[in-house]
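Could you slot chain B onto chain A? The hints should help.
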Amino acid sequence: MAVVENLPSATQERPIGFGRLKRKEDARFIRGQGTYLDDIRLPGMVHGAILRSPYAHARIVSIDTSRALEHPGVAAVITAKDLETLGLAWMPTISYDTQAVLAGDKVRFQGQEVAFVIATDEYIARDALQLIDVEYEPLPAVVNARKALDPDAPLIRDDKDGQTDNLASPLWEAGDEDATNRAFAEADTIVERDIIYPRCHPAPLETCGMIADFNPKTGQLDIYNGNQAPNAHRTVYAHVAGLAEHMIRIKCNDIGGGFGNKVPVYPGYVCAIAGSIVAGVPVKWIEDRTENLVSTGFARDYIMHAEMCARDGKITGLRVDVIADHGAFDSTAQPTKFPAGFFHICCGSYDLEAAHVKVKAVYTNKAPGGVAYRCSFRITEAVYLVERMVGALALEMDADPIELRMRSFIKPEQFPYETTTGWTYDSGDYAKTMKVAMEIAGYEDLRREQAEKRERGELMGIGVSFFTEGVGAGPRKHMDILGLAMNDGADLRVHPSGKAMISISAQTQGQGHETTFAQIVAEELGIPPEDVQVRHGDTDRTPFGLGTYGSRSTPVSGGAAAVVSRKVRDKARLIASTMLETRPEDLAWEKGRWYVKGDPSQGAAIGEIARYAYSGDPMPEGLEGGLDAQVIYDPPNLTYPYGAYIAVVDIDPETAQVRVRRFIAVDDCGVRINPMIVDGQIHGGLAEGIGIALMEVISFDAEGNCLNSSFMDYLIPTALECPDFELGETVTPCPHHPLGAKGVGESPNVGSPPAIVNAVIDALHDTHGVKHIDMPCTPARVWAAMQGRPEPPQ
Amino acid sequence: MQLEININGEPVSRDVEPRQLLVHYIRDTPGLTGTHWGCDTSNCGACVVLMDGKPVKSCTILAAMAEGHEIRTVESLERDGQLDPVQQGFHEMHALHCGFCTPGMLMTSRALLDENPNPTEEEIRMAISGGICRCTGYKNIVAAVQWAAQHQSAPSPAPPTPQEV
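Those protein sequence lines, which keep their order, are chains A and B. Following the working numbering, the numbering of the first sequence begins with 408 at its first residue and continues without gaps. Following the working numbering, the numbering of the second sequence begins with 8 at its first residue and continues without gaps.
With the rest of the complex left out, here is chain A (with noise of 0.2 angstroms):
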């Protein structure tokens, strides 16, 4: 089914900046002519590779490395002993834990780093791993976090001072218990649910890994490193290695995928930075697959137990207690501030009462992580808990799933508003966005088609969710994530020619920065966005910034890219003034020139101005020459996109698999920059959510050995899982962004599963008396829910 455009597009009539352009990084990716960390070679360039923990818990009692170190092309085995030596045996987390780089005393997950291998080639360094004998002393695993916390549980962190049980984090609450007891103490209904968001990883296309090139002689460390934020990582490296942070250079090229598994520094960079300097030359180390899915950030693993109320027909509280598993370090990714990141947004798109979220952070013997696997600090987890409650919900009342919604939800004229757990959304028109989905799904026609299926035996089942996330963080008055603010920098060059450069700190890993970023200057400054660069992946050419992850690229460095625009107009402005021998109040701006009020023959292109700018002819009074400016933008509140998504699944009663057939999803994120590229962003969101609700699990056998280790067992949706997406949009600009947009990247990741799930049980409800179902809803499961069988563990 085509796309359907609901509303003249906001940028129709704007060509020169806003509008579907096609993308300018193509030209090289159609070419085979990226540049990704592997096909960086430099000279004299050495490999290194990873012994990994076989187990999940044991003491380490002893680490021979002799016969790795004779085998023929391996130049040196590094272990914990080694990195204390240099003062990297343990290196800090984004949450303020230490996480080991190579372990020493004990290994607390399987797949932990245990030593690294620096040989002539990829080959003979993964052939000497095998030549390391470690003597392990196995202990008892904590597997399952809701024990992690019980008297007799192993102590897994016994390396921390004062640590006496396996506490991650203390409690952290939000919202008003008072309220929210006396809400459902009037409510009429209350439902109650233990709802679980499985353990999953964003398992990027492309794996982790870096070159480190340490140079002896000047002291200069360039790192060549696909992250989401190599501004910050180059501080957390200067941290870490206790080197000078301006001897510092990391350089991204191009990243196949991140998804905020790239947000994290891991302890094989660490490794590669200590090879450098050990071996001096230069380390590649590129993990396999299997090290991606077993070690690096995975996300998720939220065992949420709920209970949500109505009253008169109308939702009215909610109540919410999370064991969040942090595995053995905790090493999530969220603001300092937020130690379960924004999940308290789980009040959702509802005028609640009152709502009360408690959460409680354990330490468990598997991976660490609690990356944002496409989405902003745990809103993932939020939005799939709320809008299965209100799944629920609709259930126990017998209540259509959207009606309920639509007499709950937040109203129009209710915004700026206030949640119960301290959000301010800043725009919305929720009603009018569910409206354009049920158009697109045909609602009506749907629920009858089922119905006849029904008498036919068929399963069919059709599941809502609406979503409101809270992206670009963010304000520096409320976040940071190590101390360093969450503002990005920007700066922009009019050369003499009028061609432009803009040098940003957000950091594309496929969200085609390089189209989008030229398209708000060119908006901006009225030129053409072939004549805008855009610089980024290299910390010595671009100003700091906290990276590009939580849909935070457009809010924060669009905020940004669009205020230093209208810095330089404004200098063009004054510099116009001269060259037409006027004041500046008498000019007026039309799309790229400064003409004379009332005489618009009389006027300067951006050109012409930037011409004038580096000439020799006079500037006005004070004004350097030259036409360029740089900011740090701090934004004044994150941007609330939202959105209303339909699932329309089918389930084969003889094999219980699901099949999404239809997915109809309306975003509405504000002013859409390049239409075709948030299209692109919702498809590849879906494709996530498809595979998070049916199909990606990273589960665990009761000794902590991953069970979900390659793609043969993590499975990732194909063109086959995938229907072909139905997109809608409704446009409400934010109000306090500079060009009106709102985030996107992460919505359809965020809105998706619930909507299928809720499909899920909507489909078997009626038939099989399923209520609930946990994710991913392979065919094991939901034959299992389908007999009345507790589902498998996970």
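The hints are simulated quantities; they were obtained by calculation from the structure and are not laboratory data.
Some chain B residues judged to face chain A by a derived CB distance under 8 angstroms, without partners named:
#	residue
1	99
2	110
3	139
4	142
Per the computed footprint, the stretches of chain A lying under chain B, defined by three or more beta-carbons under 8 angstroms from a beta-carbon of chain B, are:
#	stretch
5	659 to 666
6	909 to 920
7	1113 to 1122
8	1128 to 1136
Predicted model only: the values in this text are computed from it and were never measured. Idealized CB from N, CA, C, for every residue including glycine.
Just chain B now, with coordinates in the frame of chain A:
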């Protein structure tokens, strides 16, 4: 062992270990890093090349097994400054984001269209289902292959100019 493999019409000889994978042999050839590696287990398809015109996963073939065969990689698609219609289609329809799966998807699509110039949507989805794209949700890849099918014989419009990273 000494090997000679024909890659993109050129003989490439090298002394390699018998265990070397074809993907590494190709990538070690100067200028041919367009063929990517993504998974080890033959699931992701980032390493797809054509062997005698058929798509194969070069991470699951030893270089030695390719001796005497003709290998085509993504670098061979553009000829005399003319993009292959599948390349143009991917650009026109926004069928790539990060670009990492793109070479494999392009070669798979090329092989499909060589065999079946007018595939249905279902046939396209089946053909590319040996590959994983984490970014696009496949919708635009399907559209790109359809675009290429419709523009097979027509000369491609001028290709976009490559830009520096």
